[in-house]
Amino acid sequence: MLEISHLTKIYKGGKKAVDDLSLSVAEGDICGFIGRNGAGKTTTIKCITGIMDFDEGDVFIGGKSIRTDPIACKRMIAYIPDNPDLYDNLTGVKYLSFIADIYRVDKRDRDRLIEKYAAAFELTKDLGDVISAYSHGMKQKLALIAALIHSPRLLVLDEPFVGLDPKASFTLKEIMREQCASGCSIFFSTHVLEVAEKLCNKVAIIREGKLLTAGTIDEVKGDASLESVFLELTDDAAKN
Amino acid sequence: MRNVYLLVKVGLLSAFGGEKKRKRRLMKATMLGSTALLGALLFMAVMAFYGWSLSMILDFAGVPRLLVSGGLALGLLMSLVTGVGKIPGVLFAAKDYEMLASLPVTEAQLFLSKLVLAYTFSMTGIGGVTLPFCVVYGVKYGAPFGFYLAVLAGVLIAPLLVCAVAGVIAMFISRVASRSRASNIVMLVLSLAFIVAVMFMSMTFSAMPDSDIAAAMVRYDAALSAFLPTRLFVSAALGNCFDLVWLLLLCGVPFGLFTALSARLFRKSNFAMGERRTRGNFKAERLERIGGMSVSRALFSRELKSYFSFYGYVLNTGVGALLMLIFTGMLVFGGKGMFGGDVDVQTAQSVVLPAFVLIMCYCVVLAPPTASGISIEGSRLWILRSLPVSAADIFKAKLKLQLLLNWPVCVICGVVAALFLGVDALTGAMAVLLPMAYTLFAGLVGLVSNLFLPMLNWKNPMVPVKRSGSVFLCMVIGLVALAAPTVIYAFAGVSFALFGVIVLAAMLLACALVWRWLRTKGAKKFYALT
Numbered sequence: 027m028l029e030i031s032h033l034t035k036i037y038k039g040g041k042k043a044v045d046d047l048s049l050s051v052a053e054g055d056i057c058g059f060i061g062r063n064g065a066g067k068t069t070t071i072k073c074i075t076g077i078m079d080f081d082e083g084d085v086f087i088g089g090k091s092i093r094t095d096p097i098a099c100k101r102m103i104a105y106i107p108d109n110p111d112l113y114d115n116l117t118g119v120k121y122l123s124f125i126a127d128i129y130r131v132d133k134r135d136r137d138r139l140i141e142k143y144a145a146a147f148e149l150t151k152d153l154g155d156v157i158s159a160y161s162h163g164m165k166q167k168l169a170l171i172a173a174l175i176h177s178p179r180l181l182v183l184d185e186p187f188v189g190l191d192p193k194a195s196f197t198l199k200e201i202m203r204e205q206c207a208s209g210c211s212i213f214f215s216t217h218v219l220e221v222a223e224k225l226c227n228k229v230a231i232i233r234e235g236k237l238l239t240a241g242t243i244d245e246v247k248g249d250a251s252l253e254s255v256f257l258e259l260t261d262d263a264a265k266n
Numbered sequence: 097m098r099n100v101y102l103l104v105k106v107g108l109l110s111a112f113g114g115e116k117k118r119k120r121r122l123m124k125a126t127m128l129g130s131t132a133l134l135g136a137l138l139f140m141a142v143m144a145f146y147g148w149s150l151s152m153i154l155d156f157a158g159v160p161r162l163l164v165s166g167g168l169a170l171g172l173l174m175s176l177v178t179g180v181g182k183i184p185g186v187l188f189a190a191k192d193y194e195m196l197a198s199l200p201v202t203e204a205q206l207f208l209s210k211l212v213l214a215y216t217f218s219m220t221g222i223g224g225v226t227l228p229f230c231v232v233y234g235v236k237y238g239a240p241f242g243f244y245l246a247v248l249a250g251v252l253i254a255p256l257l258v259c260a261v262a263g264v265i266a267m268f269i270s271r272v273a274s275r276s277r278a279s280n281i282v283m284l285v286l287s288l289a290f291i292v293a294v295m296f297m298s299m300t301f302s303a304m305p306d307s308d309i310a311a312a313m314v315r316y317d318a319a320l321s322a323f324l325p326t327r328l329f330v331s332a333a334l335g336n337c338f339d340l341v342w343l344l345l346l347c348g349v350p351f352g353l354f355t356a357l358s359a360r361l362f363r364k365s366n367f368a369m370g371e372r373r374t375r376g377n378f379k380a381e382r383l384e385r386i387g388g389m390s391v392s393r394a395l396f397s398r399e400l401k402s403y404f405s406f407y408g409y410v411l412n413t414g415v416g417a418l419l420m421l422i423f424t425g426m427l428v429f430g431g432k433g434m435f436g437g438d439v440d441v442q443t444a445q446s447v448v449l450p451a452f453v454l455i456m457c458y459c460v461v462l463a464p465p466t467a468s469g470i471s472i473e474g475s476r477l478w479i480l481r482s483l484p485v486s487a488a489d490i491f492k493a494k495l496k497l498q499l500l501l502n503w504p505v506c507v508i509c510g511v512v513a514a515l516f517l518g519v520d521a522l523t524g525a526m527a528v529l530l531p532m533a534y535t536l537f538a539g540l541v542g543l544v545s546n547l548f549l550p551m552l553n554w555k556n557p558m559v560p561v562k563r564s565g566s567v568f569l570c571m572v573i574g575l576v577a578l579a580a581p582t583v584i585y586a587f588a589g590v591s592f593a594l595f596g597v598i599v600l601a602a603m604l605l606a607c608a609l610v611w612r613w614l615r616t617k618g619a620k621k622f623y624a625l626t
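Chains R and Z are the protein sequences, given in the same order. The first sequence lines up with residues 27 to 266 when you count with the working numbering. The second sequence lines up with residues 97 to 626 when you count with the working numbering.
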């Protein structure tokens with residue numbers, strides 16, 4: 027579903043944020059993208075979602091290139107940034123309606139899905155309020171609902187658990203599993219290694235823009251814990 | 097005092113973006129700094145030129161001191177109009193209030209620093225207009241050194257009065273606005289009503305049925321002599337220094353009262369403005385009433401909602417449409433005489449209507465919302481970029497806003513002017529079509545300049561609207577596009593209808609080329625913005 031091929035992103039000034047990164051995520055996979063602060067996770071995610079241009083390589087979503095056919099790719103993706111700044115002046119329901127209009131979600135499906143996910147995240151009664159009145163967690167929940175209402179084939183989430191209360195985190199994990207069971211792929215970055223270990227069937231570890239390792243959880247961690255493998259790999263890379 | 101100084105310093109740096117500039121590369125910082133300085137100098141030079149031209153009429157009328165009193169009156173008026181929009185954001189709904197209140201500074205220090213900021217903004221407005229007029233007077237009539245000192249003192253005192261009056265008006269407007277759920281719209285309507293009222297008052301004043309300009313100037317002088325602040329200012333500047341004390345009392349007492357009043361409300365209003373009305377009673381059944389829209393309509397609808405929810409954005413970019421209506425009102429109510437005596441149809445077609453069209457076009461190129469339309473997205477730009485829509489669709493939505501704001505007004509004003517002046521159909525059509533073409537052109541150029549000079553990392557949304565390079569660049573390009581045909585027309589000696597058709601064709605061609613660039617290279621630039 028997601029194929030990253032030799033992706034390289036160089037910022038102005040010459041800093042290589044992503045360096046020849048190749049990775050694939052199949053249908054039904056939940057892939058955790060792990061790395062320290064400034065490792066290049068968010069830049070990679072922004073390149074995947076077509077928000078940011080990149081210098082070399084390509085990204086394929088469902089076989090289509092984000093470079094040559096960005097609109098078809100974006101139609102298959104739902105993206106949530108780490109700090110979702112939404113349109114403060116719109117009400118929650120108007121924002122969801124805007125997203126549904128853009129993704130051409132059928133009226134009946136839209137109402138059903140908004141109702142379902144708003145209830146799951148306990149946000150229904152707040153949908154009539156303007157987003158500027160929402161807390162960080164509520165904005166995060168609204169962004170999640172917006173991502174889910176157009177039934178994406180690939181969910182790309184940047185630190186999705188930051189700011190969510192324990193109940194919402196649990197709900198999100200359930201929804202992620204449910205989405206994968208229905209064939210959707212999920213690619214998300216996280217700092218919480220326990221979550222990655224329990225939730226993902228695949229992980230990829232990145233340091234200074236370079237992919238250190240990628241594969242199924244068992245392939246990557248072996249008999250050790252994900253935490254020890256992560257620390258060992260990133261420390262080794264730092265020494266080299 | 098150190099805390100107050102630091103708070104004022106950080107307030108000024110954040111208002112004028114000094115800290116950011118220091119961090120930018122030298123060339124960019126120099127370019128932006130020079131542009132700002134050039135803009136300020138240009139404004140003061142225009143004021144001085146205007147003052148110099150006026151001084152000749154005033155000499156003839158025998159009231160040269162009107163240059164001094166008129167300069168102050170104009171400065172007070174401009175500062176009052178801008179103060180009504182500016183002061184609430186400084187004193188009663190400061191965006192940085194919560195952050196500053198968490199610092200180890202007293203409430204009084206915080207309030208004082210905000211008061212100094214409000215005063216500084218008013219003083220900049222008054223000084224920028226009054227000083228050039230007074231310098232012209234001083235140079236032309238060989239005023240002594242004391243004149244300049246008294247003028248300087250007056251310019252330092254007068255903002256106290258503006259702060260007090262603008263502050264009370266702003267308090268009234270925000271109080272009414274805060275009672276409504278649609279507070280932004282109420283704020284906007286009340287502020288626009290105030291600006292229109294002020295402009296219409298001055299228009300009525302200038303449209304007095306008097307063909308004798310000298311007599312009109314004498315009347316202006318009499319009116320400003322009766323207005324206490326200008327009377328005391330002129331008297332002090334012309335040698336009666338004791339009147340400065342009276343001016344200080346006249347401006348200082350209302351300022352003191354306003355300070356006492358706003359000090360009581362400072363904390364409360366800042367907290368109240370930070371709060372948002374919430375209902376928390378949305379029911380899922382209401383979803384059925386929310387209908388679907390097409391992609392382009394959804395994008396445009398969001399653009400409209402965002403635009404009208406931001407008071408400062410509307411005030412700064414909607415001013416062109418407002419000015420067009422006011423100028424058309426002046427033409428209709430002030431009569432053809434405002435262009436220099438009664439005119440026949442021939443003069444109306446070759447001089448009056450072209451001059452009117454020039455003013456209309458000037459209004460539309462002044463501040464198109466597209467010039468800051470991309471910057472204003474700020475940290476929310478990720479939403480548009482991640483949506484499955486093309487950059488051209490996004491540009492179209494932003495462009496439609498500019499057209500919606502100006503095209504209906506262009507049609508109304510053009511038709512009214514053409515009918516009022518009784519020109520032929522083709523000339524009349526140009527009065528409608530040329531401003532419309534310039535509206536489209538300004539909108540497109542606004543997008544291009546915003547792509548070249550984006551400002552996405554702002555804390556205060558007024559920064560990209562008022563102080564971004566793209567707004568200035570767009571205005572300069574628009575003015576050049578307007579000045580070139582004006583100069584050619586002045587020397588070409590062709591009929592306005594024919595010339596208008598040629599300019600229209602050229603503008604449409606330019607629009608087509610700019611749009612082509614936007615769809616191709618502009619789209620790439622949009623996705624490369626950081």
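Think of the hints as simulated: they come from the structure by calculation, not from any bench. Virtual Cβ for every residue (Gly too), placed ideally from N, Cα, C. Incorrect hints may appear among the rest.
[Claimed, not checked] Residues of chain R clear of chain Z, computed beta-carbon distances all greater than 12 angstroms:
no. : residue
1   : Asn63
2   : Phe86
3   : Asp111
4   : Leu112
5   : Asn115
6   : Gly118
7   : Ser123
8   : Asp132
9   : Asp155
10  : Arg203
11  : Glu204
12  : Cys206
13  : Leu257
[Said to hold, decoys possible] If you want the ones that stay clear, here's a sample from chain Z, every Cβ over 10 angstroms from chain R, calculated:
no. : residue
14  : Thr202
15  : Gln205
16  : Phe243
17  : Ala359
18  : Lys555
[Unchecked claim] Beta-carbon label-pair distances, calculated as ranges:
no. : chain 1 : residue 1 : chain 2 : residue 2 : range
19  : Z       : Ser392    : R       : Glu82     : 54 to 64 angstroms
20  : Z       : Leu133    : R       : Asn63     : 51 to 61 angstroms
21  : R       : Gly163    : Z       : Leu102    : 27 to 37 angstroms
22  : Z       : Ala204    : R       : Glu148    : 39 to 49 angstroms
23  : R       : Glu148    : Z       : Glu203    : 31 to 41 angstroms
24  : Z       : Val576    : R       : Lys199    : 56 to 66 angstroms
25  : R       : Thr34     : Z       : Thr202    : 22 to 32 angstroms
Violated hints - listed by number, lowest first: Checked against the structure, the hints that fail are numbers 3, 4, 5, 6, 7, 8, 9, 19, 20 and 25, while the rest are satisfied.
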